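Q: These are the residues of each chain, in order.
Protein chains: 2
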Amino acid sequence: MVDVNNTNSDYLDQFEAALEKIGHFLYPSDSPLHNAVKYALSVGGKRIRPLICMQAAEAVCGKPSQALQAAIAVEMIHTYSLIHDDLPCMDNDDLRRGKPTTHKVFGDDIALLAGDALLTDAFSILTSKEIAQSLYGELPSLDHIILQVQLLSKAAGGSGMVYGQACDLYWTGRVGAKKADLDTIHINKTGKLLGSAAALGAAAAGGTVDIINKFKEFGELTGLAFQIKDDLLDTESGTGKSIGKDAEAGKLTYATTMSRGESEQAASYYTSKALASLASTGLQTSRLESTAHMLLERTR
Amino acid sequence: MVDVNNTNSDYLDQFEAALEKIGHFLYPSDSPLHNAVKYALSVGGKRIRPLICMQAAEAVCGKPSQALQAAIAVEMIHTYSLIHDDLPCMDNDDLRRGKPTTHKVFGDDIALLAGDALLTDAFSILTSKEIAQSLYGELPSLDHIILQVQLLSKAAGGSGMVYGQACDLYWTGRVGAKKADLDTIHINKTGKLLGSAAALGAAAAGGTVDIINKFKEFGELTGLAFQIKDDLLDTESGTGKSIGKDAEAGKLTYATTMSRGESEQAASYYTSKALASLASTGLQTSRLESTAHMLLERTR
Numbered sequence: 031m032v033d034v035n036n037t038n039s040d041y042l043d044q045f046e047a048a049l050e051k052i053g054h055f056l057y058p059s060d061s062p063l064h065n066a067v068k069y070a071l072s073v074g075g076k077r078i079r080p081l082i083c084m085q086a087a088e089a090v091c092g093k094p095s096q097a098l099q100a101a102i103a104v105e106m107i108h109t110y111s112l113i114h115d116d117l118p119c120m121d122n123d124d125l126r127r128g129k130p131t132t133h134k135v136f137g138d139d140i141a142l143l144a145g146d147a148l149l150t151d152a153f154s155i156l157t158s159k160e161i162a163q164s165l166y167g168e169l170p171s172l173d174h175i176i177l178q179v180q181l182l183s184k185a186a187g188g189s190g191m192v193y194g195q196a197c198d199l200y201w202t203g204r205v206g207a208k209k210a211d212l213d214t215i216h217i218n219k220t221g222k223l224l225g226s227a228a229a230l231g232a233a234a235a236g237g238t239v240d241i242i243n244k245f246k247e248f249g250e251l252t253g254l255a256f257q258i259k260d261d262l263l264d265t266e267s268g269t270g271k272s273i274g275k276d277a278e279a280g281k282l283t284y285a286t287t288m289s290r291g292e293s294e295q296a297a298s299y300y301t302s303k304a305l306a307s308l309a310s311t312g313l314q315t316s317r318l319e320s321t322a323h324m325l326l327e328r329t330r
Numbered sequence: 031m032v033d034v035n036n037t038n039s040d041y042l043d044q045f046e047a048a049l050e051k052i053g054h055f056l057y058p059s060d061s062p063l064h065n066a067v068k069y070a071l072s073v074g075g076k077r078i079r080p081l082i083c084m085q086a087a088e089a090v091c092g093k094p095s096q097a098l099q100a101a102i103a104v105e106m107i108h109t110y111s112l113i114h115d116d117l118p119c120m121d122n123d124d125l126r127r128g129k130p131t132t133h134k135v136f137g138d139d140i141a142l143l144a145g146d147a148l149l150t151d152a153f154s155i156l157t158s159k160e161i162a163q164s165l166y167g168e169l170p171s172l173d174h175i176i177l178q179v180q181l182l183s184k185a186a187g188g189s190g191m192v193y194g195q196a197c198d199l200y201w202t203g204r205v206g207a208k209k210a211d212l213d214t215i216h217i218n219k220t221g222k223l224l225g226s227a228a229a230l231g232a233a234a235a236g237g238t239v240d241i242i243n244k245f246k247e248f249g250e251l252t253g254l255a256f257q258i259k260d261d262l263l264d265t266e267s268g269t270g271k272s273i274g275k276d277a278e279a280g281k282l283t284y285a286t287t288m289s290r291g292e293s294e295q296a297a298s299y300y301t302s303k304a305l306a307s308l309a310s311t312g313l314q315t316s317r318l319e320s321t322a323h324m325l326l327e328r329t330r
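Chains as they are written, first to last, in the working numbering: chain Z, 31 to 330; chain W, 31 to 330.
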């Protein structure tokens, strides 16, 4: 039987090595962006999106390393979103994962630009032949590369993650939201990028459009469950954020809208729907399943 | 003989119609991003990048309409850069082209997100088959689509426009800069995106890599001359910005670093180098030449 945790740490070691390697393709040490980007990328997230991306490639009978290029692009987008989200004009957070946020260390202006650079260059990394050669040795098909750009930009842009952020702002301090409004925020803000991680991994390994779409759905629903869990954990210690920060900021979250029991039930429900999407592919997807369970059961 | 001004206005009418059409592909009217993005895109810039993009397509014996998709993507990137550049944590500008800046109208948070959305979705627009069909009726080759993503992301990202912005910040209020530092700012901040406009236009119409690179060089040098001219115009009235704003902010510019005569000479020099790049293609490029002259001679 596969030891899932060991395999995950193998994936993550591969990812960190690739990120380190590609780091040299990014900004030279004399660029004013170098330190801020390096800091933001290395502040040590859980690397959930890269993990799911690599597991998705493997599930379609590819190699996890085929998804490294896509995994880096998705993690760059995730990292930019955290930098911008933490800025004073947004959530004004001083801490992220227990460490000072990028703008606290480098200033608001450089943080803004570091985010812009990561967002833009994610598309450069994703479509670079040289990086594909260097990380895996072969290119995905041209069709699959273009599909990946479409999937990532739609998941991250103004009809995806940024839309979720805008809805989040809209509802902050406002009353009258329905559960559907909350789900709109979560599915866009968190679900879509996680969905793109799964979809890009499958695309990088040459998956069919049908499989790619099912993996996307798996990731989106897993992301929704993940965000509900995140809302609940915000009310507890141990996340590296200030406890109860969401409620204090007047944010619309599961924890501030419904009972703990109802929230936990919703997280379980969306996880089971995510697993059903996976099951409908007929593929061997035990690693992706384990990741979905791990995210549901995490305590921080 | 072709009446260049009339032709330009034909191009620009085509561009505005396409932008209006694609606007419907962007954000629905109930999205919190809709108004901010529409405002920023329609605040009426000179549309220099779309014009150069369409003229470049024509110069490689394509149709100007083949470049509409790329022209919209480049203008979206340009627009996002203005929104972010005007934010309080950057240049803190209240006016742009004589009108209130996006964050003054919609708030810093929505302005930040509108910029993020435009930047991300530029890549979605650039790679969309549906939009290619709708604007021109045919797709560029897959190779040319991927090349366009590479050209645009490299021109706009942390080794291009965003790098120029970061260098601009670095030198603000600092002494000891050399003319080379100033050129590094200008070529990155302004030249590279203009270069990508010319390169993408040529790529959209199926130009060879050699021609695409020469057009890129033409656009970069034209952009450098454009920015020197912009620095000079900042010291005069009529640009819609406050007069002398750059000097007041301690910005490193041509106007604050060398004499008017030397600056004008530099702008002419870079324009003539730009024209030499064009001439080296052996193509019929009179419209691009006229645009370079028009930018050098403009009075606002």
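For the record, the hints were derived by calculation from the structure and aren't laboratory data.
Quick caveat: nothing in here was measured; it's all calculated off a predicted structure.
A few of these clues could be false.
Chain copies aren't distinguished; within one or between two, either way the pair holds.
[As the list claims (entries may be wrong)] With a Cα cut of at most 27 Å, we get these calculated DSSO-like pairs of lysine-lysine:
(1) K208 to K51
(2) K129 to K76
(3) K159 to K208
(4) K184 to K275
(5) K275 to K93
(6) K68 to K184
(7) K209 to K134
(8) K281 to K93
(9) K129 to K208
(10) K184 to K281
(11) K51 to K303
(12) K51 to K209
Q: Run every hint past the structure and note whether it holds.
A: Right, here's what the structure says about each hint:
In this assembly of identical chains, the alpha carbons of K208 and K51 never lie at most 27 Å apart, being 46 Å within a copy and 33 Å across copies at closest. Taking CA atoms no more than 27 Å apart as the test, K129 paired with K76 passes inside one copy only; the shortest distance there is 14 Å, against 44 Å between copies. In this homomeric assembly, K159 and K208 never come within 27 Å of each other (Cα to Cα): the closest approach is 46 Å inside a single copy and 36 Å across copies. Taking the closest pair of Cα atoms, K184 and K275 never come within 27 Å of each other, the shortest separation being 29 Å inside a single copy and 38 Å across copies.
For the homomeric pair K275 and K93, neither the shortest alpha-carbon distance inside one copy (40 Å) nor that between copies (55 Å) is at most 27 Å. In this assembly of identical chains, the alpha carbons of K68 and K184 lie at most 27 Å apart whether taken from the same copy (26 Å) or from different copies (19 Å). In this assembly of identical chains, K209 and K134 lie within 27 Å of each other by CA distance neither inside one copy nor across copies; the values are 34 Å within and 32 Å between. In this assembly of identical chains, the alpha carbons of K281 and K93 never lie at most 27 Å apart, being 41 Å within a copy and 50 Å across copies at closest.
In this assembly of identical chains, the alpha carbons of K129 and K208 never lie at most 27 Å apart, being 34 Å within a copy and 37 Å across copies at closest. In this homomeric assembly, K184 and K281 come within 27 Å of each other (Cα to Cα) only inside a single copy, at 25 Å, whereas the closest approach across copies is 37 Å. Within a single copy, K51 and K303 get their C-alpha atoms no closer than 37 Å, and across copies no closer than 37 Å, so neither meets the 27 Å cut-off. For the homomeric pair K51 and K209, neither the shortest alpha-carbon distance inside one copy (43 Å) nor that between copies (34 Å) is at most 27 Å.
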